[in-house]
Amino acid sequence: MNPLTSYLLLSALLFSIGLAGALTRRNAILVLIGIELMLNAANLNFIAFWRYGPNPEALTGVTFVLFAIAIAAAEAAVGLALIISIYRHYKTTNVDDVSTLKG
Amino acid sequence: MTELLEQFPVTLKHAILDVLSKFLPEWLLPIASAILSITPILIVFPTIFALTTVVERKVLGRIQNRPGPNRVGIPLTNIRLAGFGQFIADGIKALIKEDIVPRNADKVVHFLAPIAVVIPALLAYSVLPIGKNMTALDLDAGVLFFFAVGSATELSVFMAGWSSRNKYALLGAMRAIAQMVSYELPLVLSTVGVIMMTGTLSTTQIVEAQAGGFWHWHAATPWGFAAFFLFLVAATAEANRTPFDLPEAESEIIAGYFTEYSGFKFALFFLGEYLGLFAMSGLGITLFLGGWHAPLPALEVVPSWIWFFLKLGVFIMFFIWLRGTLPRLRMDQLMNLAWKFMVPLTLITIVAAGVWRFMDPGFTRCLTVTAMIVVPYLLLSNALFTARGVGKRTYRYAD
Amino acid sequence: MSASFAILAALVVVSAIAAMTLRNLVHCALCLAVTFIGLAGTYLQLGAQFVGLAQVLVYVGAVAILIVFAILLTRSGEPGPGRQFSATALMGVGIALAVFAVLGKVITSSAVAKRPAPPMFDGSKATVAKFGERLMTDYILPLEVLALLLTAAMIGAVIIALREKETK
Chain A
1 MNPLTSYLLL
11 SALLFSIGLA
21 GALTRRNAIL
31 VLIGIELMLN
41 AANLNFIAFW
51 RYGPNPEALT
61 GVTFVLFAIA
71 IAAAEAAVGL
81 ALIISIYRHY
91 KTTNVDDVST
101 LKG
Chain B
1 MTELLEQFPV
11 TLKHAILDVL
21 SKFLPEWLLP
31 IASAILSITP
41 ILIVFPTIFA
51 LTTVVERKVL
61 GRIQNRPGPN
71 RVGIPLTNIR
81 LAGFGQFIAD
91 GIKALIKEDI
101 VPRNADKVVH
111 FLAPIAVVIP
121 ALLAYSVLPI
131 GKNMTALDLD
141 AGVLFFFAVG
151 SATELSVFMA
161 GWSSRNKYAL
171 LGAMRAIAQM
181 VSYELPLVLS
191 TVGVIMMTGT
201 LSTTQIVEAQ
211 AGGFWHWHAA
221 TPWGFAAFFL
231 FLVAATAEAN
241 RTPFDLPEAE
251 SEIIAGYFTE
261 YSGFKFALFF
271 LGEYLGLFAM
281 SGLGITLFLG
291 GWHAPLPALE
301 VVPSWIWFFL
311 KLGVFIMFFI
321 WLRGTLPRLR
331 MDQLMNLAWK
341 FMVPLTLITI
351 VAAGVWRFMD
361 PGFTRCLTVT
371 AMIVVPYLLL
381 SNALFTARGV
391 GKRTYRYAD
Chain C
1 MSASFAILAA
11 LVVVSAIAAM
21 TLRNLVHCAL
31 CLAVTFIGLA
41 GTYLQLGAQF
51 VGLAQVLVYV
61 GAVAILIVFA
71 ILLTRSGEPG
81 PGRQFSATAL
91 MGVGIALAVF
101 AVLGKVITSS
111 AVAKRPAPPM
121 FDGSKATVAK
131 FGERLMTDYI
141 LPLEVLALLL
151 TAAMIGAVII
161 ALREKETK
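Chains as they are written, first to last, in the numbering used here: chain A, 1 to 103; chain B, 1 to 399; chain C, 1 to 168.
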């Protein structure tokens with residue numbers, strides 16, 4: 001198998017695992033963990049394409065990943081702050097139970 | 001002779017590799033070479049740890065006006081070695097002591113935590129230049145590797161504290177993580193000045209940039225001295241040494257996150273802690289004190305690795321001295337120091353380093369940069385003291 | 001496909017599955033840290049040294065710690081006897097499998113898969129110094145915007161998580 005293909009398949013598998021977790025778990029923190037996994041899968045894609053792409057000297061892929069990591073850190077901080085604030089309000093972190101707006 | 005001693009470890013490694021290349025298949029040779037680079041680290045630094053435990057107890061004893069351990073020597077003889085056999089006795093004790101795991105503990109995590117403490121501490125040594133041509137892993141981003149590995153210890157501390165199911169352990173772990181996260185910032189920021197000046201993250205190149213006598217060391221410039229001082233404080237906190245030993249304050253929370261560890265696992269925590277301290281000292285030497293360079297060009301006849309270990313010894317004595325002298329900080333004092341004092345000052349040091357880089361050498365540059373650091377230091381410390389209402393201490397006596 | 005890639009891929013996939021299926025949330029967070037380390041190893045293997053180390057520094061050193069703190073603060077470390085998976089869990093797994101099937105099909109049938117592997121990329125061309133130069137010249141505006149975003153996110157997170165004042 002082409003090395004690029006194997007990296008892309010690993011990334012696709014990681015993305016699917018994250019998606020499955022985010023869709024099935026009830027705890028909001030685990031949903032966030034699933035989203036982090038999906039973000040990391042995307043980063044792996046960028047690195048693989050950068051490495052096996054036609055022009056690795058341009059360093060475009062790695063730069064993008066560095067920005068993505070920084071944004072993911074910000075996202076995690078805000079997301080967890082939201083979860084803590086929701087926990088204060090509802091005394092639960094189960095996403096099924098936080099459904100006041102559902103009517 | 002000097003040349004021989006200087007490169008003795010490297011020559012030895014190549015000699016062994018030459019012999020091995022006759023027996024081993026081609027693909028095993030890189031692995032053999034890696035093992036030969038790792039083995040000295042695995043032998044030398046734990047040995048220094050063993051000796052340090054005795055030295056620390058003896059020096060602390062002297063500071064407190066008592067002899068310290070002075071009995072254990074060679075068994076069945078009258079030779080006492082001034083107590084330096086103590087670490088062997090301690091090691092045997094740790095090995096054969098019963099390993100107690102609390103019934104409620106999370107067994108797997110409880111078992112993995114001490115391993116997860118020691119491995120990052122050992123990994124950190126791979127980028128330290130111990131002597132000329134003696135960096136186990138000469139990475140292009142060596143300093144970043146050091147900090148990345150160091151940040152992994154936080155999670156292992158949490159593993160230890162959480163898995164013990166003990167309130168003191170959890171409290172200690174929480175204190176330790178809060179402290180490590182807070183002091184990581186000034187620690188990393190204090191090294192930025194050096195990285196800016198040398199224009200590289202590679203530890204080997206940073207050492208090369210400081211060749212030729214102690215006046216070329218980064219700690220000999222005004223910004224470098226300030227950064228070195230801040231680095232030293234942050235490193236003390238990061239290694240959980242007094243006066244920042246709240247996570248394991250034995251008089252408040254028993255032993256912090258390793259309360260529920262006994263026997264060999266406890267020894268591993270102990271080892272990890274000291275290895276972390278040595279690694280941090282090694283980074284300080286590399287970044288600010290010229291690495292393996294001799295203080296005077298004339299002294300270059302002494303092998304480079306001897307200079308590294310001499311400097312390391314000075315660092316170790318300094319930390320022991322601190323431990324014997326300073327009282328422990330309170331939690332709020334610890335946080336205030338990190339966020340209100342250290343972080344602003346490290347940022348100012350970075351700017352000062354930039355000014356130093358672009359001004360013409362001379363007395364004016366020295367004065368400007370010194371003023372840039374000293375004035376904010378005085379203003380900040382003054383403001384912090386007035387804000388807390390700390391005045392001159394008054395004493396009241398019973399009539 | 002080299003042996004090191006196989007080991008790293010197995011580590012990443014197994015720990016990711018564990019992170020999404022284990023009952024105890026702290027175990028999930030620890031497994032997630034292993035996934036991050038494995039991914040950092042993959043980046044290093046691909047020659048992206050700076051990003052790989054930044055991944056460890058940010059994800060293992062900061063994000064995993066944040067998650068662990070959030071787990072302890074919301075008291076969800078030891079879950080009760082209730083269900084761990086939502087009522088529509090089967091559908092979720094089905095969707096994820098479908099996504100993987102489509103992605104896998106596209107990847108294996110694309111022109112990229114048939115392209116021969118490029119010559120071994122010289123790692124010395126992607127030095128940290130070059131990387132820093134790019135960040136300070138071509139990408140200076142995104143970098144500054146990112147700094148602003150991080151500051152805003154930090155202040156926002158503090159304000160959101162701040163204890164609400166008792167209004168009574």
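A portion of the hints provided could be inaccurate.
Claimed, not checked - With a straight-line Cα cutoff of 30 Å, these simulated DSSO-like cross-link-like pairs (lysine-lysine) come out:
1. B:93 to B:107
2. B:167 to A:91
3. B:13 to B:167
4. B:132 to C:130
5. B:107 to B:167
6. B:58 to B:93
Because the hints were derived from the structure by calculation, they are not lab data.
Right, here's what the structure says about each hint:
no.	hint	verdict
1	B:93 to B:107	23 Å, holds
2	B:167 to A:91	23 Å, holds
3	B:13 to B:167	49 Å, violated
4	B:132 to C:130	26 Å, holds
5	B:107 to B:167	17 Å, holds
6	B:58 to B:93	19 Å, holds
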